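Enquirer: Single-letter residue listing:
Protein chains: 4
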Amino acid sequence: MSGNTIGVLFSVTTWGESHGPATGAIVDGCPPGIDLAERDIQGALNRRRPGLSDASSSRQEADAVEILSGVFDGRTTGTPISLLIRNKDAREGEYDALEEVFRPGHGDFTYFHKYGVRDHRGGGRASGRETAARVAAGAVAAKIIDRAGMSVTAYTKALGGIVADASLCVADMIDSEKIRSNELCCPDPEAAAGMLEKLREAARNGDSLGGIVEIVVRGCPPGLGEPVFDKLDADLAGALMGIGTVKGVEIGAGFEVAQMTGSQANDPMTPEGFTSNHAGGILAGISTGQDIVIRVACKPIASIAKAQQTVDIHGKPVVLNVKGRHDVSVIPRIVPVCEAMVNIVLADHWLRQKAVRV
Amino acid sequence: MSGNTIGVLFSVTTWGESHGPATGAIVDGCPPGIDLAERDIQGALNRRRPGLSDASSSRQEADAVEILSGVFDGRTTGTPISLLIRNKDAREGEYDALEEVFRPGHGDFTYFHKYGVRDHRGGGRASGRETAARVAAGAVAAKIIDRAGMSVTAYTKALGGIVADASLCVADMIDSEKIRSNELCCPDPEAAAGMLEKLREAARNGDSLGGIVEIVVRGCPPGLGEPVFDKLDADLAGALMGIGTVKGVEIGAGFEVAQMTGSQANDPMTPEGFTSNHAGGILAGISTGQDIVIRVACKPIASIAKAQQTVDIHGKPVVLNVKGRHDVSVIPRIVPVCEAMVNIVLADHWLRQKAVRV
Amino acid sequence: MSGNTIGVLFSVTTWGESHGPATGAIVDGCPPGIDLAERDIQGALNRRRPGLSDASSSRQEADAVEILSGVFDGRTTGTPISLLIRNKDAREGEYDALEEVFRPGHGDFTYFHKYGVRDHRGGGRASGRETAARVAAGAVAAKIIDRAGMSVTAYTKALGGIVADASLCVADMIDSEKIRSNELCCPDPEAAAGMLEKLREAARNGDSLGGIVEIVVRGCPPGLGEPVFDKLDADLAGALMGIGTVKGVEIGAGFEVAQMTGSQANDPMTPEGFTSNHAGGILAGISTGQDIVIRVACKPIASIAKAQQTVDIHGKPVVLNVKGRHDVSVIPRIVPVCEAMVNIVLADHWLRQKAVRV
Amino acid sequence: MSGNTIGVLFSVTTWGESHGPATGAIVDGCPPGIDLAERDIQGALNRRRPGLSDASSSRQEADAVEILSGVFDGRTTGTPISLLIRNKDAREGEYDALEEVFRPGHGDFTYFHKYGVRDHRGGGRASGRETAARVAAGAVAAKIIDRAGMSVTAYTKALGGIVADASLCVADMIDSEKIRSNELCCPDPEAAAGMLEKLREAARNGDSLGGIVEIVVRGCPPGLGEPVFDKLDADLAGALMGIGTVKGVEIGAGFEVAQMTGSQANDPMTPEGFTSNHAGGILAGISTGQDIVIRVACKPIASIAKAQQTVDIHGKPVVLNVKGRHDVSVIPRIVPVCEAMVNIVLADHWLRQKAVRV
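Chains as they are written, first to last, in our numbering: chain A, 1 to 358; chain B, 359 to 716; chain C, 717 to 1074; chain D, 1075 to 1432.
Hints listed in this document are in silico derivations from the structure and should not be mistaken for laboratory results.
On a predicted model such as this, the values are computed, not experimentally measured, just so you know.
There could be a bad hint or two in this list.
[Stated by the list, open to error] Within a straight-line C-alpha distance of at most 30 Å, the following computed DSS-like cross-link-like pairs (lysine-lysine) qualify:
(1) D:1380 - D:1390
(2) D:1162 - B:446
(3) C:1022 - C:1032
(4) A:88 - C:804
(5) A:88 - A:316
(6) C:914 - C:894
Just chain A, with the same shape it has in the complex (with noise of 0.2 Å):
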């Protein structure tokens, strides 16, 4: 177990490099009796296709998944599901100018290191095409959350410095089907528009944008996440900043806590609930029955048209500037790929508090 599975009741191993014969996952530990076909995992994968906004490359994935196992008449098994999604847009060629050179901001330079060989083929495993197995693997996790009474969305809060409107992020407002139908997944259309216009501003530049995506967790029941290093808190940050995008997680208040007062970090409790969520639904690593709230940092995309100063495997100094499809920010395509890991890491905790109160 290289590092390419994750979870441990429900367990999700990915594979696949961008420029190989295809991707893919295989999801271990589905409960059987669960209602399961290839369009329940292609609407996920399909909000993640390239070329749906200006944000995005115009790479043209039809992203089309086979299931191979662990189906049978339509619902689940129990024995392991595989998903397998064929690359059909990877033009080997494309990369041949990169061959020897380390993109600044990829992998490329760790890779190397790392195992000693180079597959430069548009970053191989590091490159953002393996989340398109997240996706699938979590959109089957999603069967499990919604079974369970939990729903997970996530939406684009903060994208080239315009932040969306906070009072349109409450949860009791978010509206999943109004999101998705949003171009930048923003909750504020106002905001939205601004941050397609900085998209667009970067794009000019041959530059590319940073920004900030935020899920929320309905219907969590109290009691999910084990001490003391598997807490629930722990797990999703874990599972987060495995995104290669991600560079910070943070849970209900966030950093903010750091200028905050016992008094006023503190969620009081009623006999109607608590009075306020700075917890963020977590409280020591284990789920409230509040809502969960959680941010991340995604970094601007690393691949950019403007000149770069870089070195190859040889040492020498290179001025790169990067051609070929790519995107501008990672939002929105991002947005289903960090509802996939939090799905997963629900649907692993879910199975593992079951196992507790026996």
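Place chains B, C and D on chain A using the hints.
Expert: This is chains B, C and D only, laid out in the frame that chain A set:
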């Protein structure tokens, strides 16, 4: 492995409740032949001990560690190292008034819903006391890290809104001994003075303060970290978010990347090395060989003297005034805990990499 | 990880049902830089293929393997290797008569009770077909084992009561090529002739036969195996007992030790090495450097033409005559499966030992 | 997790050397609300204690267990249970004569090659002493097993070539209390008398004896066990082969299946249930609901008084006469160890199944 174990090759299992007879850790996977004595561990434990600063409670714990296995003639044998710390100053009666009350900001409520049983004695397993076991285990990890040529130093970056001068927090200038000699483990003595003032003020108000700890790893070779879920940053984020007090984790530029462009965020490479470190020493989840820089947000101590609104286990409203000996801030006692978690993660990944390049 | 993954550092996850579209395996943790092509795997798969001997069914499966990831320019990259085998000759209708019948000696009854769902198509996940994925993964493990200077050879020790001459089964005399050229993978051609006679007789009776496979590992360095639960013999026993047909596993003298004295069983050591090998190459769970010798007992194929008493899923009695294309014995097709499992366990422990002596 | 942990949801980590200050176990994943006191564990430990029969050494160990965590007010809390057993009668000087000698049949040679360090004090971690921790942990597992309606009973099936009458070893007739009251834990008193005679003879000769232990599980519900690698029989075989003395494991008919036909081996089903149990209660790796029947082969104690040929760590030949207090056979002390391992595996699989049918 219900959540009390961390690590694949170098693994740590902790056990113990705050008011039980003892707490401890099993360290498994420590290579043979490493010099190890109780004094190596005691030093780290002493730095975590209460009563060292104005921020700390007056609970007196010798926290004397006993090595029960895995060491022979002063050197590790390769077998599990059992570390035992007796709880000396656990006053059983002290928490009787809280027997049926859920303290705000504590795990009382969530543990009760998870397990259906109630251990009201000072937080039980959710108590900060559990971190003593982590610190002891981390001291073993530090011996491996040291052999690998790495060192981990954490320090107080912010407390109660006062922020240490960034120019004093540059990795090159960090001096572990100097930091540890500061009452608040802060590299900026002037800021530390302001922080102490804030702490005294909060104490007078019966309140508590949050803050930020920064952790720097020097000497990390390139190539540590596994794709795609066990990335080095994913494992660090999970390990640090798994500390009870932490609500946010960021690597390198962290949440600032959300406002950067790609040309700003990418770290250029030259034949002499990287010319910036927004990545915080980790690219695509694998170490670059630069300093690893991490920040964690710590919430204010939940136990405060100020009156708080809460409920008891029967759902009845209660106004709570927490008595007893409580810290005003987890800082500086959390500093060695952060170091311990990073040491543990690095030791594990360093050993894992030994099995990659064979 | 609901049971479909084996291994800590070198791990294998299999998926697929006997009558679904495909079966396959993910091999994770294979070191980078190892030559690997589909032909390396195909050779092992061909040895497992049905229709090679009088013991085998006439089901025709090309069992052509496709490498979908983890290999670039003919060498492993260190990332997960996805292996895909399409099910070519799965006749969906073939099992309709069995839709509601629990076949004696099969997993039908237990899977139904475990999962509450019924996949009657030829055993589903419990089918011997799943072992194709193991053999494919084992062929990757064999490349690592080979690099480590080890080799694994399995052969037919007994079938239908006929036992191969022990003097021909001594490790020094074992010739993999010769064994593989024998129709029953038996090192004793005379015994093999008797076994074939027994097989034909059983076939005429509509019955099936059990047997014993012996596995020999040569070139294993001393020091492989972990105390105390992941002992090398514990992991080998678990891996081999996890083959559906196996009902017993023994190492070295095995069950004979029950009748020995200590002075008989202990293997004396001299400056030239051990003078006997009752331990079968493993002492206290760790390899001694001698040949590792293992035997497994294989039960007769459960699907027989003879009338059998059974029940259906409603509990009603049924007299069953299994039709279809079934083997008369799992031998010799199980021989490469045994080799695969041993290769997988050894590859894992060899890599694990790399992280012990650092 | 370098091999000292077993189990996925119910996990046990043991630690400790034979001549260190203590040995112990961490039991993680025990459900909350189970009555547990030290006396529950002490009973099992007492059955493993030396000096109870003519087969045992005269080393006196109180083996008093201390519960250090995970229990509050007499019931488990769901958090890790730390069990501590001080080594009372470890005479440090006793093994000085063996400081440089590899004892035949012991782990001295293999541990030295694995770790490159030498802990000569009575076997260190490889000593049978480690099984005290397993027995303590197994007693916790037994409480879960009991709640699940199962019971595990092991007994001496054969010793020194004397075999207990099969008609007295039928599961229906097995009486745990009666067996435990027999000096050799044998259900056949007449055979036991013969075995004792053999033991005395071996002791006179300065030699030791091997034997067979049979383990029967009653009340196991159908459906326990995971495909395909974590089969119930695979995990049982691994757990039992991981006992230092065991060289063979078989389930149900075991090695006899090699000589059976399918029509003999298959267990017919009728509306009243199975009419035989050659499968030993496990089909396709999953429990059938019948009694589970397992046999393990135990090698003779390696430490014998008889002169033996061996070498020292410098490779020089030595004639060894082991002195000290040694058992003549691991039977009957190994009997509760076998029960412990089976209890641990069953508790784990019972909890795992809770997360399958949700």
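Enquirer: Next, verify each hint and record whether it holds.
Expert: The hints, checked one at a time:
Between the alpha carbons of residue 1380 of chain D and residue 1390 of chain D the distance comes to roughly 20 Å, so the proposed pair stays at or under 30 Å and holds. Simply put, residue 1162 of chain D and residue 446 of chain B have alpha-carbon atoms about 24 Å apart, close enough for the 30 Å limit, and the pair holds. With a C-alpha separation of about 20 Å, the suggested pair residue 1022 of chain C and residue 1032 of chain C falls inside the 30 Å cut-off, and the hint holds. The suggested pairing of residue 88 of chain A with residue 804 of chain C holds, with an alpha-carbon distance near 24 Å, which does not exceed 30 Å.
The suggested pairing of residue 88 of chain A with residue 316 of chain A is violated, with an alpha-carbon distance near 34 Å, which exceeds 30 Å. Using a Cα cut-off of 30 Å, the hinted pair residue 914 of chain C and residue 894 of chain C holds, with the two alpha carbons roughly 22 Å apart.
Violation of the numbered hints given earlier is confined to hint 5; every other hint is satisfied by the structure.
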